[in-house]
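Colleague: Here's the letter readout for the chains.
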Amino acid sequence: MSDMPSSAARVVLVTGVARFLGARVAHALQADPGIERVIGVDTVPPVEPLGRTEFVRVDVRTPGIAKVIASGRVDTVVHSGLVPGTPGTAARAKELNVIGTMQLLAACQRAPSMRRLVLRSTAAVYGSSAKGPAVFTERDQPPEPPASGSARDAVEVEGYVRGLTRRRSDLSVSVLRFANLLGPRVDSPITRYLSLPVVPTVLGFDPRLQFVHEDDGVEVLRRMTVEDHPGTFNVAGDGVLLLSQLLRRAQRPTIPLTAASLSVLGDTGRRLAGLTGFSPELLRWLTYGRVVDTAALAAELSWHPKYSTEAAFADFVAERRPAATAPLALFDRLVRRHP
Amino acid sequence: MTAQHSRNDDGIAPVIPLDAVRHDDPPPRSRLERGVASGLAFLRRRLAGEYEVDEFGFDPELNETVLLPIARALYEHWFRVEVRGTENIPDGGALVVANHSGTIPLDALMLTVAVHDATGRDLRLLGADLVYEMPVLGHLSRKAGHTLACRADATRLLDGGNLVGVFPEGFKGVGKPFAERYRLQRFGRGGFVETALRTGAPLVPVAIVGAEEIYPKIAELPLLARLLGVPYFPVTPTFPWFGPAGLLPLPSRWLIQVGEPIPLDDYGPGDADDAMTVFNLTDQVRETVQQMVYDTRLLRGPAFL
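So the sequences go chain by chain: L and Z.
Using this note's numbering, read the first sequence as starting at 1 and increasing by one per residue.
Using this note's numbering, read the second sequence as starting at 340 and increasing by one per residue.
You may find that some hints are simply not true.
Label pairs and their in silico Cβ distance ranges [said to hold, decoys possible]: (1) Z/Arg-528 <-> L/Arg-162: 29 to 37 angstroms; (2) L/Glu-36 <-> Z/Asp-430: 52 to 60 angstroms; (3) Z/Gly-431 <-> L/Gly-51: 49 to 57 angstroms; (4) L/Asp-187 <-> Z/Leu-469: 32 to 40 angstroms.
No farther apart than 20 angstroms at their CA atoms in a straight line, the calculated lysine to aspartate or glutamate pairs in the DMTMM-like style are these [as the list claims (entries may be wrong)]: (5) L/Lys-94 <-> L/Glu-158; (6) L/Lys-306 <-> Z/Glu-394; (7) L/Lys-306 <-> Z/Asp-393; (8) L/Lys-306 <-> Z/Glu-391; (9) L/Lys-131 <-> Z/Asp-393; (10) L/Lys-131 <-> Z/Glu-472.
It is worth saying that the hints were derived from the structure and are not from the lab.
Since the model is a prediction, treat every value here as computed from it, not as a measurement.
Every residue gets a Cβ at the ideal spot worked out from N, C-alpha and C, and that includes glycine.
Build the full structure now, drawing on both the sequences and the hints.
Modeller: Structure (structure tokens):
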């Protein structure tokens, strides 16, 4: 099934190509000679050249996207992801995420050329809570689903995608629930948080976290586009890091604060210093964390992410400013003679 | 060495190898030195984050080096725990089912020490969600290898061949009044039996005697409990009258008895869906543990002598 020529992607439309992941996916797909055309769409023009990817500027909130899909005879759509909402821009992000996806799905439903849809969703749909299982599989229902922010948008978007799957049962739909993307070039609320000079943590909590490296993220999206793997899959690097552990590895100074003061601090930073603040979902993630099971993805693709959670984080840290290692150097002097 | 240091036959000065010193044995290190060195190495690893945790957040190094020794001090010197029947713990995955008491769940802690020191294996307990909502306690519990009592986690641990510990009485057991000591409460809804049937893991009954006397709960303050969001606020002969000193558990003598695994060979995974089978088995396990508690109590004798 996986490489039948009739189902192989010929014309691929990638959304969000002005952003980092969308652009990288477009690059990965255009390198595949089996794909005739790669059409990239976004609301803003891309900053970097896209190679042979044809860029079309569309506002996804208008039916314009339907024209692109119909006239280009698009057979595969890669929806490369939702915009993370920050407290100040939540309404705009929701508009782009939910209304934009609805327009896109409506266009997909209409287009007779459509065969496959790949949606990059997020593991945040499982929420973060003390009541959930330690490791979420694709079948687990979250005990406390996310109530706001882009995680909530992702839940709604997945719902609309399920609706499309019902109405167009001939479509092959892959929903990928990504753990937090990390890598030297990723810019997200998480990377901005981890790059703070002093990292505030939630007092008394030490969440388990999981990351997926940008290279692996692109590779998963590429494989899902050129091969046929319908279903819902978690995507994450192997293993788990605790927040305290990764901050130690990065040699970052930390300051434990209560959740309430953290939220006030984030608000102040947003107003005064132009920072992004702490969204409620980020705060919950920093309190309870989240771990997903990736066995289904590995079995389906017969492939394993190159970077474990640890390696993805190490690669992210290596690109940041050199850490202050004074306390460790002191230890090394003491321990040197006793390896 | 001496041959090299003496003059050669042709009168040329001897050659002393550059790394001559390294051939000597290093001076023997005292126990204290070795202890300090390994302590420093441990601290360095912790500071650099160079340790592994599993997907549940279990940190074996921290558990082995810090958490277990603290519990072991209480185990050996305060409660003078004696444990019998650890040879009944099977290899591979098994579900250890024990009675629960003591107002503060120290019995769970003592059982992990008992199992660890007898078998070298870590008992992974299933705790209430309240534990994981609490600051500090939540993440320490995960680092000690425990997780939330839910079917997904229990199944995952058992499939991984772990020893999993459950206290089916839950808060009703820990918080029972002193007057009802050694009488087992209802065994939840039998979720643990369902999991055992589904995974094929043997059920190992355990009776813990001694925990009932550590904080004799003679009354409770429901209003304060509701205010603090905890299941109960205990009143013991020493707490809250003596303030923090009242938190010191009474030094009762403990006896932990591990029973023979309850055979589930006659059942298959399909029986987990049959509510009647699950109820009957739950009741059977409860009766077994209750009888073991009575027997063990007789064996232990007086609580404080």
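Colleague: Next step is simple, just say for each hint if it's right about the structure.
Modeller: Here is how each hint holds up against the structure:
no., hint, in the structure
1, Z/Arg-528 <-> L/Arg-162: 29 to 37 angstroms, "holds, 31 angstroms"
2, L/Glu-36 <-> Z/Asp-430: 52 to 60 angstroms, "holds, 58 angstroms"
3, Z/Gly-431 <-> L/Gly-51: 49 to 57 angstroms, "holds, 54 angstroms"
4, L/Asp-187 <-> Z/Leu-469: 32 to 40 angstroms, "holds, 38 angstroms"
5, L/Lys-94 <-> L/Glu-158, "holds, 14 angstroms"
6, L/Lys-306 <-> Z/Glu-394, "holds, 18 angstroms"
7, L/Lys-306 <-> Z/Asp-393, "holds, 19 angstroms"
8, L/Lys-306 <-> Z/Glu-391, "holds, 19 angstroms"
9, L/Lys-131 <-> Z/Asp-393, "holds, 19 angstroms"
10, L/Lys-131 <-> Z/Glu-472, "holds, 8 angstroms"
The structure is consistent with each of the numbered hints, conforming to all of them.
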